[in-house]
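Heads up: the sequence lines are chains H and U, in that order. The numbering of the first sequence is my numbering, which starts it at 1 and goes up by one. The numbering of the second sequence is my numbering, which starts it at 1 and goes up by one.
Please keep in mind that the hints were generated in silico from the structure rather than gathered at the bench. It is possible that some hints are incorrect.
[Stated by the list, open to error] Below, simulated PhoX-like cross-link-like pairs (lysine-lysine); rule was C-alpha separation at most 25 Å, straight line:
(1) U:K77 - H:K239
(2) U:K99 - H:K239
(3) H:K239 - U:K109
(4) H:K732 - U:K13
(5) H:K882 - H:K590
(6) U:K99 - H:K248
(7) H:K248 - U:K109
Spelled out from the first residue to the last, the chains are:
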Amino acid sequence: MKRVHLTVNGTRRQFVVDEDRVLLDLLREDLKLTGAKQSCDRKGQCGACTVIVNGKTVNSCLTRVAGLEGADILTVEGLGTPANPHLIQEAFVIAGAIQCGFCTPGMIMATKALLDRNPDPDPEEIKHALRRNLCRCTGYARIFKAVELAGRFLRKEITPAEVTPDPNDGQIGVSHQRPWSMLKACGLAEYSADVIMPGALEIAVVRSPHHRAKLLGIDTSEAKKMPGVAGIMTAADIKGSNSMGFGKDQPVLCTDNLPVLGAAVAVVAADTQKQALAAAAAVKVDYEELPAMRNSSEAMAEGAPEVHPGIPNICHTAGQIKGDAKAALEKSAAVVSGEFYSPLIHQAPLEPEAVVSFMDGKGEDAQLVVIGRSIWIHQHAQMIQDAVGWGNVRYIEAFAGGQFGIKCDLTSEAIAGAAALHFQRPIRYIPSLTESMWMTPKRHPFRMKTRMGADADGKLTGLEMDMIVENGAYMSIGPGIIERALGMLSSGYNIPHVLVDAKLVYTNDAWGGAARGAGPPQANFALESCMDLLAAKLDMDPCEFRCINGLQPGQTTSNGQATDDWPFNACLEKIKPIYDQAKKEARVFKSGSLLRGVGLAGSSFGIADPGDVSNVSVELDSDGGVTIYGSVADPGEGNDAMLTQICAHLMNIPREKVRLSTRDTELTPDSGLSAGSRQTYMSGKALVIAIEALKGAMEACGATTRDELVKAGKAFRYMGTNTKSHTGMDQKTGQGELWDSYCHGVQLAEVEVDTDTGKVRVVKMTAVVDPGTVINPLAVTCQIEGGMDMGAGMALREEYVHGKTKDWVSYKFPTTKTSFDMETIFLETPREKGPLGATGVGEFTLVPTHPAIINAVYNAVGIRIYDMPATPEKVLAALKAKTV
Amino acid sequence: MPENTGEQRRNIKYINGLEIIIDGDGFMQNPSLWSEEVARFLALEAGIETLNDQQWQVLRFIRAYYTEQGKEPMNHKIKLGVGLSLMEIEALFPGGIAKGARRLAGLPKARGCAAG
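Start from the sequences, fold in the hints, and give me the full structure.
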């Protein structure tokens, strides 16, 4: 032990600590200062734990307290408060640099240290200063702007008031500050691991180390005797269905079949996490390791064993038949083909899959409470109820550190909930980053044999595709992924004849689930690559080729969905002069080893499928304000701003009088999940309906206040329900109306390829997007930018290898070094059925990015990448093959 | 053996002049089209010739809760609402509460397709 004196946020105190205690633990556990976060398993990779020690930034996860005698420590909590924020915190909020907010405290502290030593940094100095701080949401562009803005504030060139929208500017189309941003900027937003729960047991999970195995037995006798151990739970202790996935093939704790590395076998509960982990390592598990089928070729091979005994490895099939594609391709003037591969990709939210759980009350009326990372709290509460066999579950959504689809599935909550019920003690489950990767779904790999044709005039004739989707070990939403891919297959284009055979294949790999776009991004890679291949074959300009193939009124999408309004074509027209200019500029870089190219891709992204329902309630408060109730999770997209601004606009009240209650199953109606780009379109509209009902009641009795409503015998709370009941798409033919709305857009990639190293640098992405009415331009822009950064990762770097990828470095997480310039241009064609004309945008943004970049690589150096990511090795190999 | 719910078949039923879409697991796609007539139809398909008073009590409670609260009731809420034990309610319907009572009451099944 060692005694040290520290001044933390201005207060000097003494601490007696273990020699190996790190500053992050002292701050979070002893001082309850939870602004500094833990993401990277204490490897110093993410910067989320950044604090300032004696004027310099440190990774508090690596800094031993014993060596800090006399140190002056500043954390984000010491910088400012929501009532009295520091100018840097204000700059981050105003600039839109905060989405999920998990990286924000670290970013802000790194900015503070930078601006303290260099009040006027240039862009490269900002990038360098933030090189060790990771962000998944923003693409960094808004963070750089925030640092620049903070510098201007601190140099007194401008004040926050001068760059804050005027409240009198109205509510719609104005970039008002997002309601929860300041809480995040001050480190006060509570994520799951921040919940204070004294006396809670910590749990560790015993997981299979094999890609495929049979569980023969578990011996817990030694582990049970270890220090601090309260008990060990196995599948036999779970009273419910023990099933936690959508496909009913995913146990909370496994009993015999272990189809994937990381399958959960047992749970150890102990007084400390260290004790739990030690005891988990001492649990003796008898495995029979079996040959694993890691990809679809192996799983579909003759005589291959079944991943789930009794279910064929080809676990789902679907098709799309529009016209006669074979005949159309036969007659086409130009036909191109290719086998395209989009790999397994991790959504990579920074926050580990942390959760806490406890029993509220005693006996059979006790309520099992889960506080976790869900973006679908009502659904997940029901799933936990069934899985653990307890009929009274309450789910409270904590702030979530990134989403991108990964939080649609239930993960750690089922285990923590089962443990709280079994041990009848409060439970904290804070898995490592590696374990979080093991327990979560990923973006499905797609293998797409594709043929596409056009006539001599450049009009598309037909598309044929064999689509194999590798599902991994569990069903999750695999069939839905194929449905989505087929429902958006033709994107914004008119393809008269389409034939697709799609197979979903179980493998012994990490399982696929929701991932930003969820199906269409993978399929769009093949489509938009073929668009460029065809343009080249016909010697046409890629932009012109796209323009003549945009869907026209009266024509239908690949799933036969007719539409009158198709702003995709306007997006193409809008980007054309920008594309032409970029092409001219790229010509300057057509010699030497650094060659530039430009590429295009588009997307018409479907939103709101059949059966979608959202319920949102509004309550007129005593002070004339309105409280909105609805489980509209906001893991960073800006749903807080969307709800607030719509309500303030329609009720004609200040935004400060709009209150949000969105996190608790006990308090909210079910608004559905915050995924599928649906919340603005579905819940925004449900809010409009609820407000109309409230206003209607007020007008009917002449009431202007809650008291007057009560006196008139009227309710002061009204619910709006938005239901989608179109018929949907036939599974075999892939025909039918699948979407209620579309978001349209086109993206332009400008890249630089180093022919010596094969390295591709994105110079700039430009997005033209039509999401209907834009409620908060900055929030929407931030979605576009973050999605493009994610798409660039998909194109150039990211591939998750289960068992090998273990942290942010091995995943090639985007950094300030990989960031690039971005520009977003809006068209705003009002959507009749959307709230105030708006629709969703959160996933569209990713769908065109990677094919645009791959097309730009082709434009730069004449090589076509068929299997993403386009790593330097693949690019160099293709360059070499081209010159041979 | 794990249950494979990969099938996404949709069946269209015509009940009282309304087109009712039923998903592959027998749940209504559009809960707002539920009526007692639909419940009787679904019950018949599940092998319940005539819904008895207790079954109707459960279904009506679930429907009322769903309509008024905009969410599905937890099993505990159903238990308190109808004054029967969970075991008794489970036994009232083939498939228990999860696949029986909730389905006949027209509640939707989780929609994996929407996720992304």
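- Going straight from one Cα to the other, do K239 (chain H) and K109 (chain U) come out at no more than 25 Å? Holds, because 22 Å separates the two Cα atoms, which is no more than 25 Å.
- Message: Tell me if the straight-line CA distance from K732 (chain H) to K13 (chain U) falls inside 25 Å.
- Response: 19 Å, holds
- Item | Given hint K590 (chain H) paired with K882 (chain H) - CA-CA distance at most 25 Å | 17 Å, holds
- Item | Hint consistency between K99 (chain U) and K239 (chain H) [alpha-carbon to alpha-carbon, up to 25 Å] | 18 Å, holds
- Item | Hinted pair K248 (chain H) and K109 (chain U), Cα distance within 25 Å | Distance of about 13 Å is within 25 Å: holds.
- Task: Quickly compare the C-alpha distance for K99 (chain U) and K248 (chain H) to 25 Å and report which way the hint goes.
- Result: 13 Å, holds
- Does K77 (chain U) pair with K239 (chain H) here, judged by a C-alpha cut-off of 25 Å? Holds. K77 (chain U) to K239 (chain H) sits at ~19 Å (cutoff 25 Å).
In summary, this structure violates none of the numbered hints.
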